[in-house]
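Using the hints provided, position chain B relative to the given structure of chain A.
2 protein chains.
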Amino acid sequence: MEKIIIKDLFKNMQNFENKEIQVEGWARTVRDSKTFGFIELNDGSYFNNLQIVFNDSLQNFEEIRKLTISSSIKVTGKIILTPDAKQPFEMHATDIQIQNLCTQEYPLQKKRHTFEYLRTIAHLRPRTNTFNAIFRIRSVAAFAIHEYFQNNGYVYLNSPIVTCADCEGSAEMFKLTTLDLDRPLPQKDGQTDFSQDIFGKKAYITGSGQLHGETFAHAFGKIYTFGPTLRSENSNTKTHANEFWMVEPEVCFCDLEELMNIEEDFLKYVVKTVLEKCPEELEFCDKFIENGLIEKLKKVCVSSFTRLDHKDAIDILKKADKEWEFQPEYGEDLAKEHEKYITEYFNGPVFVKNWPKDIKAFYMKLNEDGKTVAAVDLEVPGAGEIMGGSQREEDFEKLFNRMKDLNIDTDELYWYLELRKYGSTVHSGFGLGFERLLMYITGMQNIRDVIPFPRTPGNCDF
Amino acid sequence: MEKIIIKDLFKNMQNFENKEIQVEGWARTVRDSKTFGFIELNDGSYFNNLQIVFNDSLQNFEEIRKLTISSSIKVTGKIILTPDAKQPFEMHATDIQIQNLCTQEYPLQKKRHTFEYLRTIAHLRPRTNTFNAIFRIRSVAAFAIHEYFQNNGYVYLNSPIVTCADCEGSAEMFKLTTLDLDRPLPQKDGQTDFSQDIFGKKAYITGSGQLHGETFAHAFGKIYTFGPTLRSENSNTKTHANEFWMVEPEVCFCDLEELMNIEEDFLKYVVKTVLEKCPEELEFCDKFIENGLIEKLKKVCVSSFTRLDHKDAIDILKKADKEWEFQPEYGEDLAKEHEKYITEYFNGPVFVKNWPKDIKAFYMKLNEDGKTVAAVDLEVPGAGEIMGGSQREEDFEKLFNRMKDLNIDTDELYWYLELRKYGSTVHSGFGLGFERLLMYITGMQNIRDVIPFPRTPGNCDF
Numbered sequence: 131m132e133k134i135i136i137k138d139l140f141k142n143m144q145n146f147e148n149k150e151i152q153v154e155g156w157a158r159t160v161r162d163s164k165t166f167g168f169i170e171l172n173d174g175s176y177f178n179n180l181q182i183v184f185n186d187s188l189q190n191f192e193e194i195r196k197l198t199i200s201s202s203i204k205v206t207g208k209i210i211l212t213p214d215a216k217q218p219f220e221m222h223a224t225d226i227q228i229q230n231l232c233t234q235e236y237p238l239q240k241k242r243h244t245f246e247y248l249r250t251i252a253h254l255r256p257r258t259n260t261f262n263a264i265f266r267i268r269s270v271a272a273f274a275i276h277e278y279f280q281n282n283g284y285v286y287l288n289s290p291i292v293t294c295a296d297c298e299g300s301a302e303m304f305k306l307t308t309l310d311l312d313r314p315l316p317q318k319d320g321q322t323d324f325s326q327d328i329f330g331k332k333a334y335i336t337g338s339g340q341l342h343g344e345t346f347a348h349a350f351g352k353i354y355t356f357g358p359t360l361r362s363e364n365s366n367t368k369t370h371a372n373e374f375w376m377v378e379p380e381v382c383f384c385d386l387e388e389l390m391n392i393e394e395d396f397l398k399y400v401v402k403t404v405l406e407k408c409p410e411e412l413e414f415c416d417k418f419i420e421n422g423l424i425e426k427l428k429k430v431c432v433s434s435f436t437r438l439d440h441k442d443a444i445d446i447l448k449k450a451d452k453e454w455e456f457q458p459e460y461g462e463d464l465a466k467e468h469e470k471y472i473t474e475y476f477n478g479p480v481f482v483k484n485w486p487k488d489i490k491a492f493y494m495k496l497n498e499d500g501k502t503v504a505a506v507d508l509e510v511p512g513a514g515e516i517m518g519g520s521q522r523e524e525d526f527e528k529l530f531n532r533m534k535d536l537n538i539d540t541d542e543l544y545w546y547l548e549l550r551k552y553g554s555t556v557h558s559g560f561g562l563g564f565e566r567l568l569m570y571i572t573g574m575q576n577i578r579d580v581i582p583f584p585r586t587p588g589n590c591d592f
Numbered sequence: 131m132e133k134i135i136i137k138d139l140f141k142n143m144q145n146f147e148n149k150e151i152q153v154e155g156w157a158r159t160v161r162d163s164k165t166f167g168f169i170e171l172n173d174g175s176y177f178n179n180l181q182i183v184f185n186d187s188l189q190n191f192e193e194i195r196k197l198t199i200s201s202s203i204k205v206t207g208k209i210i211l212t213p214d215a216k217q218p219f220e221m222h223a224t225d226i227q228i229q230n231l232c233t234q235e236y237p238l239q240k241k242r243h244t245f246e247y248l249r250t251i252a253h254l255r256p257r258t259n260t261f262n263a264i265f266r267i268r269s270v271a272a273f274a275i276h277e278y279f280q281n282n283g284y285v286y287l288n289s290p291i292v293t294c295a296d297c298e299g300s301a302e303m304f305k306l307t308t309l310d311l312d313r314p315l316p317q318k319d320g321q322t323d324f325s326q327d328i329f330g331k332k333a334y335i336t337g338s339g340q341l342h343g344e345t346f347a348h349a350f351g352k353i354y355t356f357g358p359t360l361r362s363e364n365s366n367t368k369t370h371a372n373e374f375w376m377v378e379p380e381v382c383f384c385d386l387e388e389l390m391n392i393e394e395d396f397l398k399y400v401v402k403t404v405l406e407k408c409p410e411e412l413e414f415c416d417k418f419i420e421n422g423l424i425e426k427l428k429k430v431c432v433s434s435f436t437r438l439d440h441k442d443a444i445d446i447l448k449k450a451d452k453e454w455e456f457q458p459e460y461g462e463d464l465a466k467e468h469e470k471y472i473t474e475y476f477n478g479p480v481f482v483k484n485w486p487k488d489i490k491a492f493y494m495k496l497n498e499d500g501k502t503v504a505a506v507d508l509e510v511p512g513a514g515e516i517m518g519g520s521q522r523e524e525d526f527e528k529l530f531n532r533m534k535d536l537n538i539d540t541d542e543l544y545w546y547l548e549l550r551k552y553g554s555t556v557h558s559g560f561g562l563g564f565e566r567l568l569m570y571i572t573g574m575q576n577i578r579d580v581i582p583f584p585r586t587p588g589n590c591d592f
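Same order as they appear, the protein sequences are chains A and B. Going by the working numbering, 398 is the number at position 268 of the first sequence; the sequence numbering is gapless. Going by the working numbering, 555 is the number at position 425 of the second sequence; the sequence numbering is gapless.
Certain hints may be false.
Remember, identical chains collapse to one label, so a pair may be satisfied in a single copy or spanning two.
SDA-like cross-link-like pairs, simulated, lysine to any residue; straight-line CA separation at most 20 Å [unchecked claim]:
#1 Lys452 - Glu220
#2 Lys331 - Glu302
#3 Lys417 - Glu542
#4 Lys551 - Ile228
#5 Lys133 - Gly283
#6 Lys331 - Asn589
#7 Lys133 - Glu388
Keep in mind the hints are simulated off the structure, nothing from the lab.
Next comes chain A alone, as it looks inside the complex (with noise of 0.2 Å):
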């Protein structure tokens, strides 16, 4: 007997016309009557259920219709197709055999439950309708973003996640150790003695991967990485989570200008893909989660985003007939309403561009006014920012400065700087937030929503 997957029968459900076929999945509901009844089967492999019906002629209908929610089962059939019903097709079950009956305690019955409740159970919660689609929209968005970059010539690269620079700023950074915390730490001089530690000094999880991708870029011309990324900032938002993944491209001989080709390119072929991918799911999302969700994700795919210098950005909300929470200022970040201002202004995602260098990282190319760097953050509709970038200072002089005026160890990152030494290039990159892509994907409003087992101050459960 052919084993089938419930996704194949969807697919392909004219071939499977009249045919016995086997299916194994999850009741996730039982209805019955006196001599028949209907069970909705999932196998996880599709977001709809495969309707099968079943009667008294199998041996144990009596065992059958008492079905728990969520047994998972064995059911023989035969594929009947039915266009004039709410479903395509059913199946006709000659055999059904219960593989476990799940118990009465089982959490997930037949009502809605709040999104808070479903945090309590993550280890259950993708059996819902909402997680399942969430997560598998997660699944087919990962894999857009690997096939983008894999089919545009980038390398990926995995970049390391624990490491002994503190450059970045400790105060965000988890730390990480082999010593015995139950006791009091080796000292040595007066001091912790970290050579006891296992990298013989003190490590750290990193926050970004973006130096060491700037280094394979130089070898590979375009890189990209993707992988989980920590923060130990202890705050409690809706976008904040401590443990998140990120998507970090790094492309030589490439400046500001194209660097924005390409993070427009890039986030229509991931939108794009999804909404060709999971049309049931996003469906699902626009019904239930944000209403006009893939009218949104439609318009972002063809539409033009603006390009706008961060001054230029002030002055409209300067002149803008609005009470500000906080006031727009040219020397300034932009505030959540500000950027929601600027992209319902342009009416679409708005790349804002030129910022004040005061603001920005010490390795963002310094402009030649002397005041702003080449970055650019993307600001989209319903979402505000999603993506950072800038080119990156390809001069050794000039970053190497730059660190010394930041206080940035120059002899740690020695191998940073050689990059401006041995070959240098006209070089940028950007970071994309995982979860920030999926919130605006999906509608989903918190961050713990899209992450299977979220880590966020105060919770680590699971």
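Coordinates of chain B only, in the frame set by chain A:
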């Protein structure tokens, strides 16, 4: 002027015949005579170099003659097919602009360096032929892994790397903290007060995503993880690193035999893809790293993998006319020398299955004999074990009792146990150490040489 990447030139050289184009890259070698010269240019897109011919009609001819290795340049010129020459085409330069003249201290001059030395310049080594090949293969293999699973209906799970459960055996896990390690740790009731740490308890980096993978498999049927893993082992061997990448698929409605089918199909897919996409890189590895590499890989793609019980493997080893360093025993693990003998005996990859339960993990399914578990290791010629998997114990009582026997905290892992109450399934999964696979595919003998920036005891530079 059209900017072209060198890979496109090699793939479609006919299209560019006699066309004037632009390329940007790094000079790998420069040879010159009085009136003309050659530059081997690499832009990172392709393993092979583009040959540039330049002559004294260039305004800056004298400057170009003195071009240092690894300088970054932009070249405009015409593509001329040269069917009778060593290289299939060359570029006749009409203009060469130097973007950055590499300084004379550049350590990668035209001579052979040891792998040991190259590890000390990990930020530059991907510019060498060897590491250019290795890390491009790494990227291609990583994508092939994603492709295999996505094309076969698996959902990609980003399992968490932070955990507060120490059931895996905290001896092998790194501790992760936001506490200040430069001062005495906060105390409460005579113990370290982890309530002041960010998660409110002691936290670790997990060594496996399998348990989380099982929860998602019970929602999606088939899932895989692919991400970095840390183990704090203090072992300095050629096959151990503290940071490495793991692939962990988990499949519901799948027993041990079906798992072996998947493992075999998966391995062949990845090897075949690398053979197809990296012919130049593999030829280089075959020539300079492992003679016969390509033949070995091609053979794996067409061989049928032997399946053999652990006890039968021991029988073969015991009968062998060989002096063992470690005597083969029925109740024990296979030593490296045993793995080698077995793969040579069968002249191909071998699945060794049904292992003594006492040397395997708590979650593996107990066979009917009560003595062995449904575990399987895949041994390949020349590399030994590269995958380890098992059918999982799906019976609540058996799993619970086994955990109690082994003093594993059943309260902490309640969520893992609950999978056996709420629609448990016959399910299986395996783990693949990505770097082990890469060593097998490339022939590299040291794990430090297949990891971009390796972390091993005492080594965490860059």
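Evaluated hints:
Taking the shortest Cα distances, Lys452 and Glu220 never come within 20 Å of each other, neither inside one copy (57 Å) nor across copies (62 Å). For a Cα distance limit of 20 Å, the shortest separation of Lys331 from Glu302 qualifies both inside one copy, at 18 Å, and across copies, at 19 Å. Taking the closest pair of Cα atoms, Lys417 and Glu542 never come within 20 Å of each other, the shortest separation being 52 Å inside a single copy and 37 Å across copies. For a Cα distance limit of 20 Å, the shortest separation of Lys551 from Ile228 across copies, 13 Å, qualifies, whereas the shortest one inside one copy, 68 Å, does not.
Proximity of Lys133 to Gly283 under the C-alpha cut-off of 20 Å is restricted to the inter-copy arrangement: shortest distance 14 Å between copies versus 38 Å within a copy. Taking identical chains as interchangeable, the C-alpha atoms of Lys331 and Asn589 lie at most 20 Å apart only when they sit on different chains, with a minimum of 9 Å there against 29 Å within one chain. Within a single copy, Lys133 and Glu388 get their C-alpha atoms only as close as 49 Å, which misses the 20 Å cut-off; across copies the closest is 12 Å, which meets it.
Of the numbered hints given earlier, the model fails hints 1 and 3; all others are met.
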